[in-house]
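Student: Residue numbers (the working numbering), protein chains in the order written: chain U, 1 to 273; chain W, 1 to 334; chain R, 1 to 270.
Fair warning: there could be bad hints in the mix.
Simulated pairs of lysine to any residue, SDA-like, Cα-Cα distance not exceeding 20 Å [to be verified]:
1. K265(W) <-> K132(W)
2. K256(W) <-> T212(R)
3. K192(W) <-> A252(U)
Covered stretches of chain U (in silico footprint by chain W; criterion: 3 or more residues with CB under 8 Å from a CB of chain W, positions within the stretch not fixed) [to be verified]:
4. 112-122
5. 217-226
Here are some chain U residues pointing at chain W (derived, C-beta under 7 Å) [what the hints assert, rightly or not]:
6. Y45
7. L49
8. L53
9. Y139
10. P169
11. T232
12. T235
The hints are simulated quantities; they were obtained by calculation from the structure and are not laboratory data. The beta carbon of each residue, even a glycine, is placed where N, CA and C say it ideally should be.
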Amino acid sequence: MRRSDLFHDVVLIAPAAIVFGAFFLLPLVHLVMVGGSGPGGFAVYARILTDPLYLGSLISTVALSTAVTLATLAIAGVVGVFLSRNRFPGDALLVALLTLPLAFPGVVVGFLVIMLAGRQGLIGDISLWLFGDKLVFAYSMAGLFMGYVYFSIPRTVLTVMAAVEKLDPRLEEAARSLGAKPWHVVRDVIIPGLKPALLSAGAICFATAMGAFGTAFTLATRINVLPMTIYTEFTLQANIAVAAALSFFLGAVTWTALALARTAAGTSVAAAG
Amino acid sequence: MFKRAILAAAMAVAALVPAAHAQQRAICYNCPPEWADWGTELKAIQAKLGIMVPEDNKNSGQSLAALIAEKANPVADVTYLGGQFGILARNADVIAPYKPEGWDDIPAGLKDPDGYWFTIHSGTLGLFVNTKALGGKPVPKSWADLLKPEYKGMVGYLDPTSAAVGYIGVVAVNQSLGGTFQNFDPAIRYFKDLQKNQPIVPKQTSYARVLSGEIPILFDYDFNAYRGKYADKAPVEFVIPAEGTVVVPYVMALVKNGPNAANGKKVLDFVLSDEGQRIWANAFMRPVRASAMSADAAAKFLPAAEYTRAKPVDLGAMADAQKALVERYQREVQ
Amino acid sequence: MTGRGLAFYLQLAFTILVSAFLIVPVALSMIAGVTANYLEGVSGGLTLDWVVKVWGLYRETIYLSMAIALACLAVTLVVGVPAAYVLARRPSAVTRAIEELLVMPVAIPGLATALALIVTYGGFRGFRTSWLFILVGHVLFTLPFMVRSVLAVLSTIDLKTLEEGAASLGAGPWQRFFGVVLPNCRSGILAGALMVVTLSVGEFNMTWLLHTPLTKTLPVGLADSYASMRLEIGSAYTLVFFVMIIPLLIAMQLAGRSSATRPAARRGGA
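Given only the sequences and the hints, what does the whole structure look like? Please build it.
Tutor: Quick look at the structure:
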């Protein structure tokens, strides 16, 4: 009985193993090898860490992703806790609106940023009417930041709300009954209670921001985030070796961030929705 | 639910497969409908030759990279490239020689001596300006004007690291400011200064963005500007900068070992034929077979006196200098 | 219920502001898609002309995106549900490692996965130029979501007892899988299915590198239209995209809501 069960299980998981092995693991290993097949050999991997252009791109991407993660966690934290803890007419509508952009591709988000902050954008019109000066920031770091926060909020709000629902309200009641002010309750009970969820949500936010390509592509900014650098290298006469090496670093940084957050949070990272 | 999903997927697949095989096709890399009026040319190719050529928005750099990446098994049959990219493509061994009818009409400097690529039309680089979107500011008249703070956030140029017109813009600025292909200091200094005005740097053709006013001033060709003004009736002007500029040929080539080589050759024949050339002429390009130029279209260009400031370029020198300049731009300007 | 203090209203205002930030551009873009002239706005008149034009220009991309999404769903169902079942049956360090591995395509940026596919399989021209090439990328990216979704549901029910019960009544392994396990993870399959289809329709990073002029999907077409087409066309195209994807997103929200009303079942899983 047990042997046929094992056989049965292997047959059931075999398709996944084959698809994954053939189309992901094998090509990735191949890509790493291709990274070392250029004129510089495997030294190109080391060169990336010393070359100011690539290192600068890596650092600016990490910095942007970190800033986006912190801002998103702050915003989604406040909004998520508020919506989970309060019932009022229209609360379901707000949740629906906040999580609507969940799967918008980066290109669409870039387009929406242009609608808001481009030359004919809403913000430009409002600022012109209010201050007489048209505010246009779609094509600068501010626009890119805004776009990244835009697509990060929905998923993070969902995770925070799910986590708040699991919090034990008795801890808060106890704190309050002992005389703690609302802000202290937040700081000493709620935030520590949410820490695992915030960590894992933050890790996903960071990983998504690191790998985001469509938004930067549409916004045509001069800021070179790493995915754009990879794409540029690829289109510079198919400099595949450098593109592959850069991809390796991008994947490594992202994967490390997720792994770190997982060990810190103690649970597996939540998939969205 | 399981079974229903599979059935739906199977039906979708079945619906797609027959549709894909009925048509004669040729794949072109870099045939953007909103650039040089390729839209009309592609429709003409479909109507006259019965060959469907899907439009493609890759720029020259993206096309060359794709051709190199696909060298072992090419996807494209023909490609359209900015002037010097023809030489780069030949060096990369991704194109094959083919001399269409009308080959002899092409002047010597505008085609590869062995037939690897040939010019189909040329244009002059300058400033494509949406006068209405300037918000009352004067129309710029020179490269230097764009450095003025009043044009902050209004200037755009295509990315020199991938688009041919991007690199050519750098060359145009360089030549007109006294630089040479050995010395790009004037251009690098200029673009560094330009960054203070927060330019927009798209990777692909941005014709519509100028018309909508999203990018009021774009480094672009006269043909795109004239098309905006006369065909689409937009409030746009073309300006040949006071310091000077360059005239650049755009070339086409047959891809080596393309999947539909016979159709590819027919397409190349067409773009060089009287009818094909007339479409370029009506779209305000200078067709390489000058006989196709009509007086009517010629009348819509800026006066010849303005065009004396536009000089032709040495394609070979441009190709040789490209890699170094692109790297320099990446390090010093970006 | 205590009285609503200042803190409540401040947080409410903040939440409304954030919601507006997310929704107003969507509404703007949908309206822009039906105005006759963007610069004149609604006062210039409404028209469906742009949407009709978009349909004429980009019809194939819409069909292709739908076909790929459905095919992706079929593949992830066939490949992912059994895999989730096996992972749920045998919780161990090995299966946890397998789960980690399956999540990698989500962690690794789509650009890198696409590059890897191109350098490895780009040489097979038939494969490279067909929509199957794009499908492979989509399956890799969406498979973890299907597996996770089903696994989450399976880990809340007592699989062992259910299976032993069925086995003691004489059900073989296949009967158990199709007759007992599958019906019990219906909600996980539904949630996973919606996620897979939504993600596939919106996938861009990988598809941008994997596509050819003949295999353009909707997001790829959108990128083209934003750069080179009139704002009204880009907006109308975005409107079509929203019309396709917003019902899916709403369905996901509703499905999530209905499974949340089963409080006892939602004890485990992150």
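Student: Take the hints in turn and mark each one as holding or not.
Tutor: We went through each hint and held it up to the structure:
For the hint linking K265(W) to K132(W), the alpha-carbon distance of about 43 Å lies beyond 20 Å, and the restraint is violated. Distance hint between K256(W) and T212(R) is fulfilled; the C-alpha atoms sit about 17 Å from each other, no more than 20 Å. As the CA atoms of K192(W) and A252(U) are separated by approximately 33 Å, the hinted pair breaks the 20 Å bound. With a cut-off of 8 Å between beta carbons, the stretch 112-122 of chain U has 4 residues touching chain W; three or more are needed, and the interface restraint holds.
A stretch counts as covered by a chain when three or more of its residues have a beta carbon under 8 Å from one of that chain; for the stretch 217-226 of chain U and chain W the count is 5, and the coverage holds. Using the Cβ-Cβ criterion of 7 Å, the hint placing Y45(U) at the interface with chain W is not satisfied: the shortest such distance is roughly 19 Å. Annotation: L49(U) was flagged as interfacial toward chain W, and the flag is violated, the nearest CB pair being 16 Å apart, outside 7 Å. Taken as an interface hint, L53(U) checks out: its beta carbon lies about 6 Å from the nearest beta carbon of chain W, inside 7 Å.
Because the closest C-beta pair between Y139(U) and chain W is about 5 Å apart, less than 7 Å, the hint holds. Because the beta carbon of P169(U) sits about 37 Å from the nearest beta carbon in chain W, more than 7 Å, this interface hint is broken. Annotation: interface hint on T232(U) holds; nearest CB of chain W at approximately 5 Å, less than 7 Å. Because the beta carbon of T235(U) sits about 4 Å from the nearest beta carbon in chain W, less than 7 Å, this interface hint is met.
When the structure is compared with the earlier hints, violations turn up for hints 1, 3, 6, 7 and 10 and for no others.
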